[in-house]
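> Given next are the chains, with one letter for each unit.
Number of protein chains: 2
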Amino acid sequence: MALKKKPVTGMKDILPEEMEIRDYVIGIIKETYKEFGFTSIETPCVEHIENLSSKQGGENEKLIFKILKRGDKLKAVQEKGAEDENELADGGLRYDLTVPLVRFYSNNANGLPTPFKSLQIGSVWRADRPQKGRYRQFYQCDIDILGESSNLAEIELILATTTTLGKLGFKNFQIKINDRQILKAMAGYSGFSEKDYDSVFITLDKLDKIGMEGVAGELLENGFSQESIDKYLDLFKGFEAAENGLQYIYDSLGEYLESSVKTGLKEIIDSVSAVKSSDFEIVFDPSLVRGMSYYTGTIFEIAMPKLGIACGGGGRYDKMIGKFTGKDVPACGFSIGFERIVLLLLENGFQVPNQKKKTAFLIEKGISSEKLCEIIAQAQKLRSQGTQILVARMNKNKKFQKETLAAQGYEEFQEFFVK
Amino acid sequence: MALKKKPVTGMKDILPEEMEIRDYVIGIIKETYKEFGFTSIETPCVEHIENLSSKQGGENEKLIFKILKRGDKLKAVQEKGAEDENELADGGLRYDLTVPLVRFYSNNANGLPTPFKSLQIGSVWRADRPQKGRYRQFYQCDIDILGESSNLAEIELILATTTTLGKLGFKNFQIKINDRQILKAMAGYSGFSEKDYDSVFITLDKLDKIGMEGVAGELLENGFSQESIDKYLDLFKGFEAAENGLQYIYDSLGEYLESSVKTGLKEIIDSVSAVKSSDFEIVFDPSLVRGMSYYTGTIFEIAMPKLGIACGGGGRYDKMIGKFTGKDVPACGFSIGFERIVLLLLENGFQVPNQKKKTAFLIEKGISSEKLCEIIAQAQKLRSQGTQILVARMNKNKKFQKETLAAQGYEEFQEFFVK
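Chains as they are written, first to last, in the numbering used here: chain E, 181 to 599; chain P, 181 to 599.
The shape of chain E in the complex, shown without the other chains:
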């Protein structure tokens, strides 16, 4: 039986042209984040099924690729009959890098400095319905600051991320920022009860797609009072009309919002705006929700011009480490949408800068050992000087061979014949 040539459903082979860009992006990311004092770590791709199913992952928990138990453990479950599919599995592929990071920190905190600035680049897996441009295995690239309760964490994360995007040539983008406390205060001020906040935010999250009227309609359908809905949407309308939207929201909410949240958020926006080195603006967006319920404070998102979807995001999650250790540690992270960044670069015909010169040595078959040695010695010398040399036997169809090599960037060809 012939073996299967295609990758498994929803995952993809990455060809050299794309890998070149990916490697370049990873290089810039590592270099820049290192300048900000972030240090690389890695966690296993396989996590305990209990950790992955612990309600930290929201909707992603429905998309776990589970790892079958092995040997006697599997036999035992099969003999008694598995009632739940989780009994058949003892691990799963991580669906994000945040849950593993929090486990990592809980396990290793003793040997780590405070604050701990972590950089992770790695694959994650989600058994999503396959669709164009969306894969079941994809890279995430996260920076997190653990143990820093002040807004210096947010400022550093946003500056590091935007400096990286700037170095990659991105311009004229936005960092949208909000705070879960503001979201809650706006809902509370409008008269929604606390138990309904998550439901209200799920609807609000659709504002970009369905507009104010759509949001109003959905909230009404969900049984909320017209009065609350009107009061809520008036806040957003007032924000849009105001010259200083942030101040308008602060003034409207009054005591519904703690003053420390107010000054903290304003300080982030002001300092990032003052010291930024890339071409972007940071804007307060009271309708920014971010899906994950684990966020406890600031939340933010990268919006690229003319792109309908976010290119990354993050926020503060001060309550997650306590789930592992019993003791909360302040934490804040920012994830770059690595695959989207690469896709944008590919679509814009991005060329990796400062490429080395590529030369191909093509050797006719039957050349003597002595001559072969000379040719290879010459190649080794050029390589040690930094030229990229491919040494290969000449194919029967030399023209086609040269064409495929030229497509890979080989500009110069040297041919060596038997005589």
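A portion of the hints provided could be inaccurate.
Claimed, not checked - Pair ranges (Cβ atoms, derived):
#1 P:Q406 / E:K253: 17 to 27 angstroms
#2 P:A587 / E:K545: 35 to 45 angstroms
#3 E:A586 / P:D498: 39 to 49 angstroms
#4 E:I489 / P:D378: 49 to 59 angstroms
#5 E:K545 / P:E230: 52 to 62 angstroms
#6 P:E438 / E:S548: 50 to 60 angstroms
Said to hold, decoys possible - Listed next, the stretches of chain E that the computed footprint assigns to chain P, with coverage defined by at least 3 CB atoms under 8 angstroms from CB atoms of chain P:
#7 442 to 452
#8 562 to 572
Source of the hints: derived by calculation from the structure; they are not laboratory data.
Remember, predicted model here, so these are calculated numbers, not experimental data.
All C-beta atoms, glycine included, are put in the ideal place defined by N, C-alpha and C.
Chain P: place on chain E using the hints.
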């Protein structure tokens, strides 16, 4: 319930100190292999269970982490009752990079040049019994040349690998080389029948550990004739005593060995010796077996001084692509033992060269927004000049904070107070 802090059994968290070395090694590997014309590719970590169980993986096929089917497919299997655990799974984590590479090549050959020189660095998984220094998830780093039937493939692979090891500071190591044709000819010459070759080679593979007498004993136990055993071991004894061991084996085997194999292997050894730029020797070793039965020709291995185990290896596997496409394509690969290399560097106290200067800015809590902006602006300026700057709030225990930062390489501290 508290979540699990330890990684899953047999896998490990990688801390910043080790990651720094890993990143450095990967950088050198990519840079050097690129000079030889290798191009990076990536395949999904999850492979079709059929491909992984196709007898290409030898003993590794018993160690597959299998991925549970999902949704209706899983329900269907559970309702009818799974007779075989493979029915419960539709994928598995790759146990090496060779099977996925061959699938990749079969799927994408049309768009690839000939020869295709591939570089892969990535994790593989084996559900081995956990033991010291051996993990269930580990990196492999493979280079392969597909579509090159001549020994230029072997020469390029060995030069690229040894140049890389040299750049990483390894000296005085050996590349052991042999050919499956020689292994077979030696067994045939000694009177073993072809169906027994694999069994004989499994015993021969233990020569390093159990010596000549041990090998003789095990072969006898396995029912082979004393005459064949004596003749076989006399070859190895003669080889060891001879001044030119390769020539001795060639002379002894006479017509049992094709002359193209003889000249091909000699040419590899001679050219590599002539043009090598690192401090190593390439030696013919007729007892080198390499486990995988898919090898069809040359096989080789890296032996580090005083280290009992191989630090990498590879060989020619001309018959594997045909299993996917129906048409054989010559193929040859060399895998560096990435984890062993990193372990050796760690054990030898290796320091990554040309590290950037690291400075920590420690800011007292309560500093004004204006002052904070100034400090961050100063940090941004130094970063853009290449200094690594950590900006953090001063901890209550400043002495301890400085100590843990110093352990991460921070040499200079600047402190900023409220007044």
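> Are the hints correct? Go through all of them and say.
Hints and how they fare:
The hint said 17 to 27 angstroms for the Cβ distance between Q406 of chain P and K253 of chain E, and at roughly 46 angstroms that hint is violated. Look at A587 of chain P against K545 of chain E: about 58 angstroms separates their beta carbons, and that is not inside 35 to 45 angstroms. A hinted range of 39 to 49 angstroms for the beta carbons of A586 of chain E and D498 of chain P is inconsistent with their spacing of about 28 angstroms. Between I489 of chain E and D378 of chain P the Cβ separation comes to about 55 angstroms, which falls inside the hinted range of 49 to 59 angstroms.
Distance hint for K545 of chain E and E230 of chain P: a CB-CB separation of about 37 angstroms, inconsistent with the stated range 52 to 62 angstroms. Judged by the Cβ atoms, the range 50 to 60 angstroms given for E438 of chain P and S548 of chain E is violated: they are separated by roughly 20 angstroms. By the rule of at least three residues with a Cβ nearer than 8 angstroms to a Cβ of chain P, the coverage given for the region 442 to 452 of chain E holds, with 3 such residues. For the region 562 to 572 of chain E, the stated coverage by chain P holds: 9 residues have a C-beta nearer than 8 angstroms to a C-beta of that chain, and at least 3 were required.
Taken one by one, the earlier hints fail for this structure at numbers 1, 2, 3, 5, 6, listed in ascending order.
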